[in-house]
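Residue numbers (my numbering), protein chains in the order written: chain A, -8 to 654; chain B, -9 to 226.
In case anyone wonders, no lab produced these hints; they're calculated from the structure.
Cβ coordinates follow ideal geometry from the N, Cα and C atoms, glycine included.
Fair warning: there could be bad hints in the mix.
Stretch-level coverage of chain A by chain B, calculated; a stretch enters the list once three of its residues show a Cβ under 8 Å from a Cβ in chain B [said to hold, decoys possible]:
hint : segment
1    : 97 to 110
2    : 248 to 262
3    : 384 to 395
A few chain B positions that, by computed beta-carbon distances, are all more than 12 Å from chain A [unchecked claim]:
hint : residue
4    : VAL44
5    : GLN56
6    : ARG59
Listed next, the stretches of chain B that the computed footprint assigns to chain A, with coverage defined by at least 3 CB atoms under 8 Å from CB atoms of chain A [said to hold, decoys possible]:
hint : segment
7    : 8 to 17
8    : 61 to 70
9    : 117 to 130
10   : 193 to 200
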Amino acid sequence: MTPSTACHPPGADAVSVSASQPTVVVTGNPNVGKSVIFQLLTGRYTTVSNYPGTTVMVARGGAVVEGRRVAVCDTPGLNSLQAASEDELVARDLLLGDHPTVVQVADAKNLARALALTLELSEAGLPTVLDLNMIDEARERRVTIDVDRLGETLRIPVVPTIATQRWGLERLRAALLKASVPVGRVRYPDVIEEAAAHMERLLPDTLTARRALALLWLSGDRALIDRLGPQLAPELVQRLQEIAGRAQQRCPRPLGLLISHARLRHAHRLAAQVMTSAPVPRRAWLDRLGALAMHPVWGVPILVAALWVMYFLVGDLAAQRAVGFLEETVFGQWLIPAFQWVVRASLPWAWAQGVTIGEYGLLTMALPYAFAIILPIVTMFFLCFGFIEDVGYLPRLAVMANRFCRLVGLNGKAVLPLVLGLGCDTMATMTTRILDSRRDRIITTLLLALGIPCSAQLGVIAAMLSGQPPAALGLWIGVVLLVVLIVGQAASRLLPGEGSPFLYELPPLRRPKLSNVLIKTLGRVEWYVKEAVPLFFLGTLVLFVLDAVGALFVLERLASPLIVSWLGLPAKATGAFLVGFLRRDFGAAGLFALQRAGQLDGVQTVVSLVTITLFVPCIAQYFMMVKERGWKMANLMAAFVFGTALLVGGILWRILTGLRVVW
Amino acid sequence: MSPVATEHVEELLELCWTAGEDGLLPLNRDELPTQLLCFLPSPIEPDGVVQPEVIDAMVGRGLLAQEGRFIRLTSTGEQQAREVVRRHRVAEVLFHNVIAVSEAAMESTACQLEHILNPEVTEAVCTFLGHPPTCPHGRAIPRGRCCEAATSRVGPLIVPLAHLAIGESGTVAFVHTTRHGYLQRLTALGMAPGRPIRLRQTHPTMVIQLGETELALDGEAGSEIYVRRGAQDARS
């Protein structure tokens, strides 16, 4: 989850030749280990998981190859240059635009599919090294590949590797210098060959990937035509359109399909020449567990067990025991008295004491909030989550939840960003790029902003609800789910277009690699500290200033119709909602403190939690929404979410008090 | 032999057969229900009149029997008509299911094919299609010898994915869908004719094994992907 800078500045010319320093692009089908290879080449960590769609943006790093420095880019997975989603488009544009050297990472046991992409790289004229990764998994499945013969056939370096064990990496690094354009011309139906040849002749020489471009144009790739079109003379665009149109007229089937089929056939022939496979004696237990995890019957207890373990670890172990120990013992008995003693001794001024150790003090509020309440919870959550990601459970969860997603106008693939949102809504908002349509991305972004609490918030909420009767927990989940359902339904009806069909590749379950889980957790915790902690300090400072000048009192008075009369909460809760604008978990932590001080009863706890769960997205998420969806839509969504949260909270309070519920 | 073209004879045989299905026999040779004819190549004159010499020649060859102005198929004529109609409709299914061309293109091509398909090819195509009982317009396809032989065996050779039993394997025959974007993405994941495929589960979501790739699909795909049944292992 470490943010990374793009190789390619956004908005730059996508399909022209650039003369920058030598670039190596790591590409390949989804979930074949590109990010691990990138990491090993550059020493830079990027998130590695066992599901397609982990990498949604380009990460950049440097590597030294035989004394020369080269830039290396990690890219989202690509099934074909005929890109289908936004993340694929990013990878495609990078390949066709920068004319880089390519390291194509392949899943060795799925050679034919990888070769189909190699053939496309050949058409694009890109110097390539083929990395047959996960060769150990191929061996387990009794697949053997004649590596030398494959290299001779394609006339490129072919290197088998096991990236997670660093096996074969040095050979891969050395092979980078010998990269060359793969040889292997696919023979397409005559109609296509003629049209493509004609178009290639017309395209300007400055474009390097002319054959690939011509074929993509013939496939009717809208994104490409829109990008390439403006760079060419209008008459030329018209000529190309005519040629493509005529070719399509001569064929009853879509040309794109004929092209893909011909290429796949060629790839399978190539693979068959170099590959032998023997029947696998019996399915490994991980494979069987993988099948059970999405079984209509057995999948449910597995899901419940996974949730229970996670609740135990995050809600109980971290949010109760660890938080209790850190907050009450470490901060309450040791650190805060120490801070108070030091500050009183060294800073005689009242305001200085107030800003550090007062009610809204940086050392007495921001620090314990960030490190005693939130940090243990997010750490444990990220740890569990990293484990689940590494095993490869998430895609199976998508299979289980496809039905539910249908209810909100999405398909199972949306489970990934939604579940990632439980970790961090900001990152999840970016992950919506893996979804197949703009409509899906909008609905998912909205639901993330509205009803998906992030881990930090979730932990605090779990801690606050643990003291309440189980019905309170049920009510909180029920209300939030209901709101998500209603809003999702409404959004899917209001937005034009139909739900996009479900199609998702399921990776095999794998034994998680502990070191990767730990590194990933550390990276995410580091990111949390960097991003959240400054906001905690800022929010505390704002509260201190408001309190010092008497504005907090005024604000509490002003907000009192809303907080006290409408939501039925004590006026002190205003501060929590105020900082909730910065981060929802900060707001939740404020409520947590109120509850601990005995100022919230059971009903107020549930109402305040439902409201803060649905409350405005945090600052970081808001800016991510702006980046992904534009100002207008982000503002609309934020305003809508704010109104909905208050509305639902108020109604819930009225219903609960009307029913005379006492918790 | 008369100079009348075989195509014209076969067209009229087909017309009579189809009219018989609709209960229109016997036919008045001056008012033939020409709307039942396919249009290429056609024995009908531009003004909608069937060339009388075609009918005369067919009567002469014992394919048609004539009483006054009314004509009907003789038993020889019926036998031949049956073969023509069968070829035409099998070709239609081929174009409709496998190649998914437009209706106009399907009709005109089927009309041409019915005159050139030989019995062996017709049987092969019919078997490939799983001995379809009806054409895309819903008219019955006359059974051939291959169909009768097949009724003793299990089901058609090519079935929609959803008809497979869980755990059953086969190879991809074709994908027939109007969702072009979906088809493109399926293809990019390796879905192409001839690939080994196995149905892993249908609930809560359909999961298939396509070679070494495991895919989750939506339910609709189950009726769009056609599979040639066979005991091939999906992990080729």
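Take the segment 248 to 262 of chain A, compare each residue's beta carbon with every beta carbon of chain B, and decide whether three or more fall closer than 8 Å. With 6 residues closer than 8 Å to chain B, the segment 248 to 262 of chain A meets the three-residue bar; holds.
Examine the segment 384 to 395 of chain A: at least three residues should have C-beta closer than 8 Å to a C-beta of chain B. holds (count 6)
Would B:GLN56 pass as off the interface with chain A, using Cβ distances and a cut of 12 Å? At about 41 Å from chain A, B:GLN56 clears the 12 Å cut-off, so the statement holds.
Verify this for me: three or more residues of the segment 61 to 70 of chain B with a beta carbon less than 8 Å from a beta carbon of chain A. violated (count 0)
Do three or more residues of the segment 97 to 110 of chain A come closer than 8 Å to chain B, measuring C-beta to C-beta? holds (count 6)
Within the assertion that chain A covers the segment 117 to 130 of chain B, do at least three residues meet a Cβ-to-Cβ distance smaller than 8 Å? violated (count 0)
Verify this for me: three or more residues of the segment 193 to 200 of chain B with a beta carbon less than 8 Å from a beta carbon of chain A. holds (count 4)
Tell me if chain A covers the segment 8 to 17 of chain B under the three-residue, 8 Å CB rule, please? violated (count 0)
For B:ARG59, which was marked as not at the interface, is the minimum beta-carbon distance to chain A over 12 Å? holds (42 Å)
Does the claim that B:VAL44 lies outside the interface with chain A hold up, using a Cβ gap greater than 12 Å? holds (31 Å)
Hints 7, 8 and 9, counting from the list given before, are not met by this structure.
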